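Position chain B relative to chain A; hints supplied.
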Amino acid sequence: MKKRFPLIFALILAILILAVPLRPPPAEGFAWRQFSELPVLVNGRIKPLDTVARVSLLALRGKQSVKLEDARLSAIEWLAEVLYAPATADTRPVFLITDPDVLAIFGWQQDKEKFFAFEQLRPHLAEVDKQARLANDVPAEQRTRFQRHILELYNRLLLYQRLKNSLQPEDSPDFARELELFASALKPGIEALEARSREESFDNRAFDLFMTFAARYRDMSEQAYLRVVPPHQPQTEQQRSEWLTIGDALLHATAFGEIDPVVRAYAEAGRAYRAGDETGFNAAVAEITTLTADGYERELRKARHEGFFNRYQPFMSATVLYILAFLLACASWLSSGDTLRRTAWSTLVLAFLIHTSGLAFRVYLQGYAPVTNLYSSALGVGWGAVALGLAMEAVFRNGLGSAASGIFGFATLIIAHNLALASGSDTMEMMRAVLDNNFWLATHVTVITIGYSTTFLAGFLALFYIVMGAFTGWLDKPWITRPDGTVETNASALNRMVYGVLCFAVLFSFVGTVLGGIWADQSWGRFWGWDPKENGAALIVVWNAIILHARWGRYIGERGLMIMAVFGNIVTAWSWFGTNMLGIGLHSYGFMDAAFFWLMAFVASQLAIMLLGALSPRIAARVQKNAPASG
Amino acid sequence: MPRLPRNPFLRSFVKLFTSLQLTIACLALAMVLIFVGTLAQAQIGIDQATEQYFRSFVVWWSPPGASWRIPIMPGGFTIGGVMLVNLIISHLYRFRLTFCKAGIWITHFGLIVLLLGELFTALFAEESYMSIQEGQTKTYSESHRRIEVVLIDQTDGVTDRVLAIDEDGLEPGASYQHPAMPLRLEVVDFFPNSQLFRKTPETAAFAAPAATRGAGANLTAREIPRTGRQDMRDISVAWIRVVGTDGEIGTWMVSNLFLDPRFNGEPQIFEHDGHTYRIELRQKRTYHPFAITLLDFAHDRYPGTNIPKNFSSHIRLVDPELNQDREVLIYMNHPLRHRGLTFYQHSFEAGDKGTVLQVVRNPSRHLPYISCALVFFGMTLQFVLHLDGFFRRRRSAA
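Those protein sequences? They're chains A and B, same order as listed.
Position 489 (the first sequence) corresponds to 489 in our numbering; numbering is contiguous.
Position 43 (the second sequence) corresponds to 43 in our numbering; numbering is contiguous.
Since the hints were made in silico from the structure, they are not lab data.
Errors might be hidden in some of the hints.
Here are some chain A residues the structure puts well away from chain B; computed CB gaps all over 12 Å [claimed, not checked]:
id, residue
1, Ala132
2, Ala206
3, Asn626
If you anchor each label on the Cβ, the simulated ranges turn out as follows [to be verified]:
id, chain 1, residue 1, chain 2, residue 2, range
4, A, Ala391, B, Lys353, 54 to 62 Å
5, B, Asn193, A, Phe596, 30 to 38 Å
6, B, Phe124, A, Val603, 37 to 45 Å
7, B, Asn193, A, Thr98, 40 to 48 Å
8, B, Leu97, A, Gly337, 50 to 58 Å
In this text the structure is predicted, and so the values were computed from the model without any measurement.
Positions of the beta carbon are idealized from the N, C-alpha and C atoms, including for glycine.
One chain only, chain A, in its complex shape:
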């Protein structure tokens, strides 16, 4: 039992994690699962309504569900309300506003209540519009906190308005009925239009009615956020990707003479939803699915898989497992047996597999190499460091690799989560023309990501050395006893680990940086442009080279190596995030002010650790004691 415990433990965790997404949808009630998996085109990518619901709600509210006084609305239930019953949706508290200066323009004080309904904001829309206009004229990097927040609120309100006008005009009491009227007005309208263009007499009323409808649907097309109608008989891949809004499809109807059945089915679903008619709603959703399946099987399947991915939430589960593995590894040093250490290891392997499956899912859904933006770079850096830590644990078997991987995997996934929150948009975005190149994404970006991971891993191991050395006697405990009776201490093992990881770090960061230069040479004829991001990458290479040369020259011993490796964390964090905060250069992902605070906090913490390493009497005593040996 004891021998098998780690495996059984991991298996139970795996079953618990997989049970959620694999659970079949409830047989009764509204078919939310089917509705949430309908494919739509938003921001250039075809995705399920579920993703739209979650991402929009995250952008507005910072959460994936809406808490009401007595109940909780899931993301898709909330979206259905916005799309089909906007008057009810307007009463839901979904706008997170915390900035006191923004609240002040509404005459509100910062209070316990952070969430506001559209209903409450409606009287102040003109003021928001005015303030946003003022802020918009200021260059992005010079905006004050108030200006950034008011623009953010403006964009959120815009998103909400666009959602409300996606499947029906917001003011339409019964859109299905409206479509029937439109259908009957189509033929006489077109006849009147043609007669008018031939300068013959025409039915004035039919003409006016027709033009009123056309104007209404043109407005709707301009506002709509979702493109839900797949194009008819596409000839090329480009045409296949040009999905229409409901408004567009209705304007096209004026040319074809009849309304697209997908539009009718969406309207029918709305009517049933408002009437609380579950059967009618489910039938309409099934109808849309069948209509889409005709010619768009691939998109439908992908949307279904993405729906699964959203429920699966691999990075969320991995975050929990990583911290669990870290705690288990720490606990294993306090216990005598090997079971806890092996359980930590098996938990970590499971977390790593889930993490990997998440990355693989993203590659499949998006069609790009895994690292494409700042968010996915956090996923990638974490993944790389965990992989190395696992390998190290397999070789050294002392719990250190597991602990370092666990804490680092946890930290990077938390960073990724916050980056997704801060961006307020889909983390799977389409790549701009220059970057849309899988060969370079796969080589340069992957190699540089490993460069970041390895430098961080070395830094975290060194950090561990300093903390353990300053507060415990763990460093002098034996790690292994050789047959000839000599003992290798934990300190010396860590020393070799850090050195080895740094060697990898210098290799990967150098090659990754130069490959980036080669990509730039291929794209715009400039190998090295002294762009902040390039400079940041160069700093990592140079710093790693300094550490290695200082060690080879014996200018530093074990303690110096550790202190310098911790500084590597600062250099890497600067290159990864700091350079994005300068707000210039071709590479920048955008300015993030909350992140700036955390970066500074991280830098301060690392400096404190370095100081601890330099001043700790316990570590100093070790250095003194071992001085003759290390000469």
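Here is chain B on its own, set in the frame of chain A:
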């Protein structure tokens, strides 16, 4: 390995330049330089920071508005140069050429190639732009930063006679004459970057000369620091006195802003002695012995967004000397290479009706590729040798 030289001066020189401390000092200085240079970019822009920090021998500092400056640290050329000498001399005197050091030799050789590549790029690479409207043919490219003042005798209508003054020649007081033109140009003043104003009582205080003829007669200017931002262009302005055989004809104000379509200005043309002349300040041109015609420009976006998916320029290249007349498609990551120049899809004109190509001449563009391969191979070799030792020790330990 050669022996240390006997001459005590040479000897200490070699000792200094073979020392590992020097290597580490250079690397540390390089880090500081890159860091402060990156920070400076936020203030003065990438191009100027590159000039002042990375492509200079000394980094200077002066308080804002002061006329004096003090050196604060060595610039990129100095640090890179010392590192280069350090690397080369260390290999001559300190490193033994053995198999177990082969990785280090190859890695360091790759670094030498990289440093030389960056040096050659700084010295020899040229960048310019070619912006072409659909249907238009061009035989020259234009500099983004540098300007020139030209006097064009366009009487002929077929062949122009051109007197061009480079930016560096625009010193107040300098005068120029084309051997075949009866006119002399005198530089009255030149502002590399400026703001232009219509003349009003408030602008009378500006320290700017006055133009007597042409579009600038009722304009004045105020000098401002040059911009280093890549997305902005300096508005340069110069005042040129044109002197004929029987005395001054007039003083013209010329500016590249006058040529901007948004400015909507007329070309500055005057008649003298039966000849028609045009005077203007424009981006410095480089003429090529071939012509490029833009047949079609395409700019695809992702449906429902403004995110560019692809830009492409369908062009016709005609080079009579090399017997070439062919159509080429230039798009992202697929540049045109011709006569040592590379044409990259860079940007587009408003309304998607024209393209902007970046034209680069960089004779040393292959060096980073060689360097990357060498360093990768060298380091991998060294680590394999090292890991081999590590595992052998482990096996003996277990």
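Each hint tested on the structure:
1. For Ala132 (chain A), the condition that its CB be more than 12 Å from all CB atoms of chain B holds, with the nearest at approximately 19 Å.
2. At roughly 33 Å, the least C-beta separation between Ala206 (chain A) and chain B is larger than 12 Å, which holds for a residue marked as non-interface.
3. At roughly 19 Å, the least C-beta separation between Asn626 (chain A) and chain B is larger than 12 Å, which holds for a residue marked as non-interface.
4. Our hint of 54 to 62 Å for Ala391 (chain A) and Lys353 (chain B) holds, since their Cβ atoms are close to 56 Å apart.
5. In this structure the supplied range 30 to 38 Å holds for Asn193 (chain B) paired with Phe596 (chain A), their Cβ-Cβ distance being about 31 Å.
6. Checking the proposed 37 to 45 Å range against Phe124 (chain B) and Val603 (chain A) shows it holds: the Cβ atoms sit about 40 Å from each other.
7. Take Asn193 (chain B) and Thr98 (chain A): their Cβ atoms lie about 43 Å apart, and the range 40 to 48 Å holds.
8. For the pair Leu97 (chain B) and Gly337 (chain A), the beta carbons lie near 53 Å from each other, so the given range of 50 to 58 Å is met.
Of the numbered hints stated above, none is contradicted by the structure.
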